[in-house]
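Each protein sequence line maps, in turn, to chains A and B. Quick note: the first sequence uses this note's numbering, first residue 1, plus one each step. Quick note: the second sequence uses this note's numbering, first residue 68, plus one each step.
None of these hints come from the bench; they were simulated from the model. From a predicted model like this one, the values you see are computed outputs, not experimental measurements. Keep in mind that a hint or two might mislead.
What the hints assert, rightly or not - For the chain A half of the interface with chain B, some residues (derived, Cβ under 8 Å), not all of them:
#: 1; residue: ILE2
#: 2; residue: ILE8
#: 3; residue: LEU11
#: 4; residue: ILE15
#: 5; residue: PHE30
#: 6; residue: PHE35
C-beta: ideal position from N, C-alpha, C; glycine also.
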Amino acid sequence: MIAWLMGIITLILLIFILWRWRSRDARERFEQPKFQFLRSLGVTSQIHHPKSTTRNSQEKKHAKRNS
Amino acid sequence: MNLNQGPSPKPAYGLIRAHTFAAFAGLVLSALFGLAVSIKFHAPGFLGGHAWDTWGRLRYDHTQGILYAWLGNAFIAFLYYAAPFLTGKSITSNRLGWITFWLWNVVAVLGGWSLVLAGSSQPLEWAEFPLIIAAVIELCFFLLILQFGLPFWKCGASELYVSGWYLLGGLTFTFFAYPVGNLLPHILPGAMGAAFSGLWIHDAVGVFITPMATAIFYFVIPAVTKKPIYSHFYSMIGFWLLFLVYPLNGIHHYVYSALPMSAQHASEVASIYQGIDVIIVVTNLLLSIGLATEGAVARDIPLRFVWTSIVLYLIVSIQGATEAVMAFNSFTHFTDFVIGHSHLAMIGFASFAAMGGLAHLWQRLPGVRFNRRAMAWSYWLLVTGLALMVLDLTGAGLVQASLWQQHLPWIESVRASQPYWVFRSVDGFLLLAGFVLYGISFFTGELNRPADIVVVHPDPRTPSERPAGMWIATAYGATFGAGLLFFVVSFLALGVYPAIRLHERMVRTTPPGAQLVLTAQERHGQEIYGRDGCAYCHTEQVRFTPADEWRFGHPTQAWETQGEFPQMWGTRRIGPDLARESGKRPVDWQLAHLYNPRYVVPDSMMPGYRWLFRGDANKPSQDALDVVAYLNTLGRPALQAETTHAGTASLIDARFIASPPQLTNDLEEGRAVYMANCSGCHGADGRANTPGGRSLRPVAFNLAGFRLPPSTVWQALQHGVPGTAMPAWNELPGAEFKAVADYVLSMSSTPELRADEQRASTQTLLLAGQRVFDTHCVRCHGETGGGDGPEAGRYLPRPANFHEIQLSYPGAARVIHDGVPGSGMPAWPLLTPAETQAVTYFMRSFYQGPALPAQPVPAASSATMEEMQ
């Protein structure tokens, strides 16, 4: 029974995450704290505009650099 | 940049340094405790065998030291460094920090260590410090929440960087969970307490150590690489999943137990979830390092520690999830496989993370020294030592598991483990050297620049973020709320729910009149048993597995455990399970074993508890008697119930009682088996003249002095000898059983008297012997020497049957002169040597066994009947 409850809770969380993930604003907002943290460390060179710092753009950038 | 106005916060250098130094001291001392524990596995008398340095107490101090003295201090030091970067605020108060420092290190750590060594502790895993110390640690967690929670509250951000979430979550959840493992097992009995104890066992690692270590990962990687982590979104999924499912793992330490099966299955499922969560976290972390850096791991040694920790985190989590799967668990649980897993977790994951974090901050601390070369060496020493140790313990665990599945005596697994345990100590020295070198690297090398650490002071809120309106919308509010919620969920699901179910089951199944409450003496024995760590080698739960049931008897039922405060089910078996110990061994055997286990079990690695005696196994103190009294309560309710409800049914499984073996002539193998299993009591020469043999009541049988028929030897080996300490050896493999039986038969030497020894003529010896026998022996041994005299029924073991036993003259003389202490046979010291010879001669005339070898014919003697009288 408890295992089923855990499964249901996980499913609800998954649906919630996917629902939030559909929003572009939310996706960008999710990633903001890592840039904010870099600023507190005094690193500014790696901080880009939110629109260019999505996961996809990072992957492209890394792929380009590694090629 | 979105900068706040106001002074830039600075890390509290003094507190960072103080906690870092305390962490080094804690690490080295805890490792020394661990090394001593490890050496005692193959040298039980190491350090001399005092109360304070017994295995159990050092074991308690080892794990508590690693948790609080080493990791606790290291994480707190890192918190002081990281909090200003994560919140843009200073800590609440320096004074509060110093109060917490002294409370944590002097009262909790040093006080806890000292009390444990002095004999004040509790046998609860990861909660061994006594309750008074537990209260201080709980207070410290509260002070740490004040110290670090307030800056988060002040910053008011709703989107916090993931390290901040982990640090806050770890402190909050630990504050709630810590009392569960410490307090509730004292209030709730046996199985019910075990459910809560299981929660804390896993929470200590899952919601204290893991969040702190993960916070370090997420902090150090971007700080070194100067690049953002791969995905903050993934990191937060990992965070929330961790706090949801990690606490639900707890009961996986007690699968196949009397706990409700639904809770066991839940913990199994949660463990698999946990594995999935770790895959997400580690993938994100490795991508953050791998894609964003060019060789930073090789260049930056702290990052190298962090990288190694991340990789090992993945391995140990997958390993842990696999161990929780019931099919696998039935094989490996209680073995060194689990100990290998825990060392991989605590050194490879937690300690490497803490080392990476400390080294990272130390490199940046102004005015301190940092030796890169020494640290690089320490890294390789630690990696090598850890790899060897984990491989060694994993191998030992698999060997033990395999032997436990076979129908072999328990001691076989101890013997097979010895080389692995020796090797582990060697690995331990490597690790200790690595730890010391790591510490040295903080005191030597180049001096850091004296410049302050600059915390750029951005608004913790992201540029697009509005200030959080309600407190619950802030990161600290969400973390605190979720921490509380998840704690309640795990508390209800794996603590309260099983406890309710167990209570119902106990009420339903407890037999009327079952003796569940311990007497004052038994309870005192239980306290000694607990404080000296006995439960950390001997479990007190027979699991619902075929191997357990075959070896130990009926599985432990929940109702039987109602007298256990706190429960001592245990999570490791080095010695056999004791849940069915009641009545299994006589008190004298238990006492001799407690005084020096090798007296009666030659290859035992159990420490002796000599301080419970007054210099001799036969002079026990009241404490020793109380421990034995407690041992005889283990399984007593079930034994009573069985006797009441099943008549004469025995706990011994009859499936393995075979027919008498055909004896072999393999005396070499028989001798090897004898020396390994029997020589402790019966002596290498069979004369039972050993400290162990003499400590028993009745004293061990003199195998050299009496010729036994094969059927009697077989009977004794197969079933043991009722009324004596002789156990059944029916677990021996068939070939060994036959070989040792054959060897025992070959040990006896009962020749006829030589002519020069004989004190009278044959006729005279017979007449005088009969007179002595009729006067002193006939009441027990019977008129015909069959051991069936009128008083024979009063004694167990029964008086000897001389039709089956052939006496030797020296053996009989010893028995007649000394008696058999602990049996019905008294000493007859007033019999003269001549009378002793005569009565022996007479008794030998009853023997009906196999013919004796040809003996010299006695010559005429000069003794007369008068002399015999």
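A:ILE8 as an interface hint toward chain B, with CB separation required under 8 Å:
Cβ of A:ILE8 sits 12 Å from chain B, so the hint is violated.
Quick check on the hint: A:ILE2 CB to chain B CB, less than 8 Å?
holds (4 Å)
When the least beta-carbon distance from A:ILE15 to chain B is tested against 8 Å, hint result:
Violated, because the Cβ-Cβ distance from A:ILE15 to chain B comes to roughly 13 Å (cut-off 8 Å).
Is the hint on A:PHE30 kept, meaning its closest Cβ partner in chain B is under 8 Å away?
Interface hint status for A:PHE30: holds (4 Å vs cutoff 8 Å).
Tell me if the interface restraint on A:PHE35 is satisfied: Cβ within less than 8 Å of some Cβ in chain B.
This interface hint holds because 6 Å falls under the 8 Å limit.
Status of the hint placing A:LEU11 at chain B (closest C-beta pair under 8 Å)
Violated: closest Cβ of chain B sits about 12 Å from A:LEU11, beyond 8 Å.
Checked against the numbered hints above, the structure breaks hints 2, 3 and 4 and satisfies the rest.
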